[in-house]
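Please take these sequences and the hints and turn them into a complete structure.
Top to bottom, those sequences are chains A and H.
Residues in the first sequence are numbered from 2 upward in steps of one, following the working numbering.
Residues in the second sequence are numbered from 2 upward in steps of one, following the working numbering.
There could be a bad hint or two in this list.
No distinction is drawn between identical chains; accordingly, a pair holds when it is met within one copy or between any pair of copies.
Said to hold, decoys possible - Each computed BS3-like pair below joins lysine-lysine, with the alpha-carbon atoms no more than 25 angstroms apart:
#1 Lys376 with Lys405
#2 Lys30 with Lys376
#3 Lys3 with Lys30
#4 Lys405 with Lys3
#5 Lys228 with Lys3
#6 Lys30 with Lys385
#7 Lys221 with Lys3
#8 Lys385 with Lys228
#9 Lys385 with Lys369
#10 Lys369 with Lys405
It is worth saying that the hints were derived from the structure and are not from the lab.
Protein chains: 2
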Amino acid sequence: MKTTLSQLGQRTAPPAISWLMSLTLGHPKLISLAAGFTDNASLPVDEARALLDEILSAPRTGQPALQYGSTAGEPLLRELTAKRLTDLDAQADRQVGPTKHGRAALPRGLHLSPDRLLITHGSQQLLYLLTEALCDPGDIVLVEDPTYFVYLGIAQSHGLRCRGVRLLPDGLDLAHLEQVLEELRRAGELQRVKFLYLVSYYQNPTGYTTSFAKKAAALKLLRRYEKFAGHPLYLLEDAAYRELRFAGDDVPSALAAPGGPERVLYAGTFSKPFATGVRVGFGVLPEPVLTTATRIKGNHDFGTANLLQQLLTRALASGAYARHLAELQRRYAHKARVMTDAIRAHFPPDVEWREPQGGLYVWARVPKRLRTGPKSHFFQTALKRNVLYVPGLLCYADDPARRKPDHEMRLSFGGASERDITEGIARLARALPQ
Amino acid sequence: MKTTLSQLGQRTAPPAISWLMSLTLGHPKLISLAAGFTDNASLPVDEARALLDEILSAPRTGQPALQYGSTAGEPLLRELTAKRLTDLDAQADRQVGPTKHGRAALPRGLHLSPDRLLITHGSQQLLYLLTEALCDPGDIVLVEDPTYFVYLGIAQSHGLRCRGVRLLPDGLDLAHLEQVLEELRRAGELQRVKFLYLVSYYQNPTGYTTSFAKKAAALKLLRRYEKFAGHPLYLLEDAAYRELRFAGDDVPSALAAPGGPERVLYAGTFSKPFATGVRVGFGVLPEPVLTTATRIKGNHDFGTANLLQQLLTRALASGAYARHLAELQRRYAHKARVMTDAIRAHFPPDVEWREPQGGLYVWARVPKRLRTGPKSHFFQTALKRNVLYVPGLLCYADDPARRKPDHEMRLSFGGASERDITEGIARLARALPQ
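Set out below in structure tokens:
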């Protein structure tokens, strides 16, 4: 008997992460520098308890939290989120200053309307909704090389083709973006391109940030190629790690660049900066994407659970969110330093890496003669020494235009304890050939 | 410039409910007997407060509630859910007795393994995941005539064709099911059929329940046609209202029928019986559907927010859920009686309706010469008199094999107060031609 599964069902592959997680089961003493978990000890247990207690202390606030809401999301949460994003962008603009990124580009007094927001069950859901709303099988999405590997799973399940755009330590390689667009134009494939997916802040997996100037230039470039595509070419800006900044300046969002409001699909989240068990993300979207994504969300679940939305609303309104975030930023700054100190102490000098300024990851590149992939001697040796990382290989899309680099690793300082971070890095170093 | 929207994006229509909800905005004094909201006054505000306070009173339980979990869902919640379902089925079997539905059919000591469960963001998400996992554009799903209108939106967005199977007061019309299957076989279309979608308990919109004998017979019939389809023909049993029973006996799930474990996709939920703002649903699924739906869920959101899952886990484990449910059943029994008393007092005798035994709805049928659709004189008169119902028309799939009936209405006693229920029914009666 044949399968009843749909094309999408048949294409949907086991997630890379499940294979990594199955490894941890067989190795109870394993130190995982692979998981993208956030820091357990700093989860806002007391804050959440107090906020929920307030919400549920009276029927007037308790009942709405336990009842259905609207698909687009709690109006006050959308309002507070829009205001927060407006403030972040205004502040980032002041920090970066007028000359470096062409401040004139910033729309004066950009005020986001809450009507442009859609609240989602984590920003992951938004990535899924946007892919559904925009992409048919065979369509092309441009992704960073390397990129967030879970997104590659979404793209694959939808039968999309990915084209990688090189990522440099200061963000997207614009010359390569132009080259890729030009190649697609010549091949008559531009009408299949839907968007450029950019994890713009402290990127997963590299920790790199794309500057505002580069985002503005990427938007301009996409705009130039629209006439060949025959339809809008969006910039999907995934800002999941934006608020986990612990060094350097914030960068304005691509929404603030010329043409941003019409062409940027901004994906933000409160899950990582507040609590990953409280899955609340959001999108800022132009029409017709907003209406379409909201309708699809209605079919998914008619709206994110109200209890979660009310908790975040109150956290934002009361200042508890901002206080918690400041604490979290100090904590990740510390954990990042623990990791980089250990790397400096143990790794040989021919391993390349950079000091992260935010996020949860350090990206390390060993000499090319060495492999880091799942079947490599190094990965297996590390596993025998009870330490796990994400092989860089998993973070590259299937792109016929290049071979996947296989000498990198993503090291997370999010979930592991300080002690495990130090010990894990030392074990990894011992697994490297001396 | 052309649209960038995908085929799915272009097909996804505004939900019927949004049009109804927009009507309520323009009529502040409107009594809505249309919304499928649950009763506000009986939401478990105090219980949720106490349970969350316990969970968050210590890092040992608080941290896991605020951290990521697994995609399939919290293991203890899956265990408690599997046990609950096993108990419900065993109890229903005893209630119904051996003769009426062929008890021998029930697998003795059916124990559900928690490994067959997937926890979702409400059971709505499960319906979406299953449609994605199983259906390609052009595929056919069999639905009840009438059926849950939000599901029709999911089907339409996926480009599916729906075939309606008549619904009788004791459930699915089996002779019509056979006729439809036979027609599809003759037309060479059976290989496009994926499943029969059945809202088996206190159906939305009719309130009708399909007996166990009928479910078992439907499964058998589907099995017989599998040889023509060339692949499994599933029975998607949507049991969303099962626990909102306030009269009569429970009915065993289709899982308990011969072949049930291999061919039933069971969709359950805790949202309606506990709190709709705490969106936690679940599926009991055979392979390969379970693995595929779980992977797709991983791409949607990597798992339902842990805070919601931990809340339900504790509600189930502590007995708070069972206590709340008993209270809720009394409450809905009362509200249903308020509505049927009003109907008896005000509606003319040529309006047909039935006493509900559970769920949130009364389905009323006016004489055929009268129309109840959105553009009908009756609907508009009712609106002028500030009362809203769901026109029956919206609950019928587009099916070329018949005209949509247009003389029915769904009346909900879930969200409205007792006073509004009585007054709303009186207003509706006055809108009927005397």
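So which of those numbered hints doesn't the model satisfy? 3, 4 and 8
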